[in-house]
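Number of protein chains: 2
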Amino acid sequence: MITLEQVRALDAADPLRACRERFALPEGLVYLDGNSLGALPRAAVERQRQVVEREWGRDLIRSWNSHDWIGAPQRVGAKIAPLIGAKPHEVIVADSVSVNLFKLITAAAALSPKRPLLLSEPGNFHTDLHVASGATELVPNLRLETVERGRIEEALGPDTNLLLLTHVHYKTGERFDMARVTARAKDSGALTLWDLSHSVGAVPLQLNRDGAELAVGCGYKYLNGGPGAPAFLYVAEHLQERLMPVLRGWMGHAAPFAFTDEYVPAPGIARFLAGTPPMLSLLALESGVESFEGVDMETAWAKSTALFDLFAALVEQRCAGHGLDCVSPRDPGARGSHISYRHPHAFEICQALIEAEVIGDFRAPDVVRFGLTPLYLGYEDIWTAIDRLVDILESGRWREPRFAVRGKVT
Amino acid sequence: MITLEQVRALDAADPLRACRERFALPEGLVYLDGNSLGALPRAAVERQRQVVEREWGRDLIRSWNSHDWIGAPQRVGAKIAPLIGAKPHEVIVADSVSVNLFKLITAAAALSPKRPLLLSEPGNFHTDLHVASGATELVPNLRLETVERGRIEEALGPDTNLLLLTHVHYKTGERFDMARVTARAKDSGALTLWDLSHSVGAVPLQLNRDGAELAVGCGYKYLNGGPGAPAFLYVAEHLQERLMPVLRGWMGHAAPFAFTDEYVPAPGIARFLAGTPPMLSLLALESGVESFEGVDMETAWAKSTALFDLFAALVEQRCAGHGLDCVSPRDPGARGSHISYRHPHAFEICQALIEAEVIGDFRAPDVVRFGLTPLYLGYEDIWTAIDRLVDILESGRWREPRFAVRGKVT
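Chains as they are written, first to last, in this note's numbering: chain A, 259 to 668; chain B, 259 to 668.
Same chains, same label: a pair holds when it works inside one copy or across any pair of copies.
Calculated cross-link-like contacts (lysine-lysine; reagent style BS3-like; alpha-carbon spacing at most 25 angstroms):
1. 337 x 666
2. 444 x 345
3. 666 x 345
4. 372 x 444
5. 429 x 666
Don't read these hints as lab results, they were simulated from the structure.
Starting from the given sequences, assemble the full structure and let the hints guide the process.
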């Protein structure tokens, strides 16, 4: 039996314990939804105030030069690069995950127009599939097929243009072996586009080492970039000059301020910019990425796995018989940084937990999901969360009708 | 000869004079670049602080429901609608102008695949042409032709799919007759897509009355939404259900939180959302749009034309012989809300003005441009700007080498 004393000892020995002070978390709240919206870095409060009052209000248009707004997409991209094992000039911040997926899917399709198959898996995060199906309506011959993950490698063939996968599954937390899958796709002549939304800032990533050529990722989850923070996009160095963006705009032009009618792509990763970036959101993302300063991702991952194991063990120990079925892999190498349970009343349990100041989230139709963010969660937070969960399950309080009321976002 | 007393009398009689207090403008600065980056609304300072500290920091993920983040794209769109003469449910805030152009160009192409011609004009704002040329690389048979504005109406024909025009030209300020051009295009069976970036918040717009069916516009210019604020998109009610977005994502799905593999477009304008919107930037735009509260656009436009006429008259009166050639139309009905001059040393003059705290901007190769924003400019600001311009021209100070140094953004 795990005791509170043991849990406190884990906190006392936690090399990342001090990182929690980097975040402004409400007292008493156990926030297990950093995989949906990361917590507010304290540094972002003052930084946003400066951006609004000084950069926008006082320096106005001059800030594009004097505060290097114009360089922000590359600068923040370069700060994300070490978190994903990429070179600084292989990453750029732009638009949303959806829009970046579209840019890379259509550019990849144009690169190999005789390979018509866009391959993905059913149950992939749905925006990835929506973007993919939209691209197939536009690009002649391009077709989307989804095959179960166990059959993906055999589905790869000479007609495969692109394999589109989310590295860590948003619901179950299952993780692909990036090196292996990328290599198999490459063997068949296909590119792989990795959606890192549930990996970046949580799972150790080595895109260069693992041979990844294309990726996108989310700024507002583990990167703590704020609600709807812009996304990022990665293109391996050797591919950058070979890919021509078809969704493009002036910010990706070789000379944006020459105002020429003809599109000439900027050299390198900058060609994947389109319109003017949302600067307030982009600079909040910079604060979010900076909240990882000095944090080794292997250390963060070791803590993530320990938080997961503690969560799982406490549920087994204290919630047995209440029908919670863990759908996340127990093998750390096969999972991300959240733990999910299936339950026929996952929605109501999730709502009751929120009322008890334990924030997880519900994912339709029957999953309650808890994000484990090593930068600002302690082991005792997990203990507290389970304490409150046990109370909700044992009292049956989740059956009260108010917990069945749905908001717009659920 | 216009005198300072006359100018002050204009300020005293200005019905919009009090609006200046809505903005945090630096003392002594004459800001004539609100058509590139609108000034900071005072209300945005406190609002952003609340959004960051309370909505993001304290309420975290719950804010999607409790602060209606999820409804923000429609809510802010509905607030823009009266400024452009549209119905509230015809406007939505999303992405950038470039990305929204791409959405509408590709959706229009899919609507009438047998009409292959995408028509625009040379010298249109370049991102519009880059987006258009990108779309033609993707959509089978779609081709882009640019014809001089005097020949556009005769170029319209049975093969025209879409006419893509910027309502007010970013450089010269020339304005199209929206009702007439839209009607001509409609006669030929074509849709018209209006880029309102240099119109919205400055020029009176009546999209419904003028028969406009598609439009996009910029949030960070006259709407004062902050650097890189998200853009908006307008689709006339009768077209909304007929247009299927091909660049799409989960936020435009009929049931985003059902997480289904199949894309089902949301009813109405919401289908034109793609990824998660950048909330900090989007909510700053809301403050920007609210800075127009109680302002009648006809009153604003009357002041804009008076500011323009004063500017032009003072340049004629006091800068004659210095080679400034006004390229903006003198007929108010044929122009927007900025005044532009051609000069072989426009760049240096612009830089010298910036040093003298008169902020306009340079547009390659030889134009200096001054934005006239009726909400926060007074007539005496124009007097002061011309005073400083006269000093720079008469002293020849603009010839000093430091004014020839280019930043990244110029």
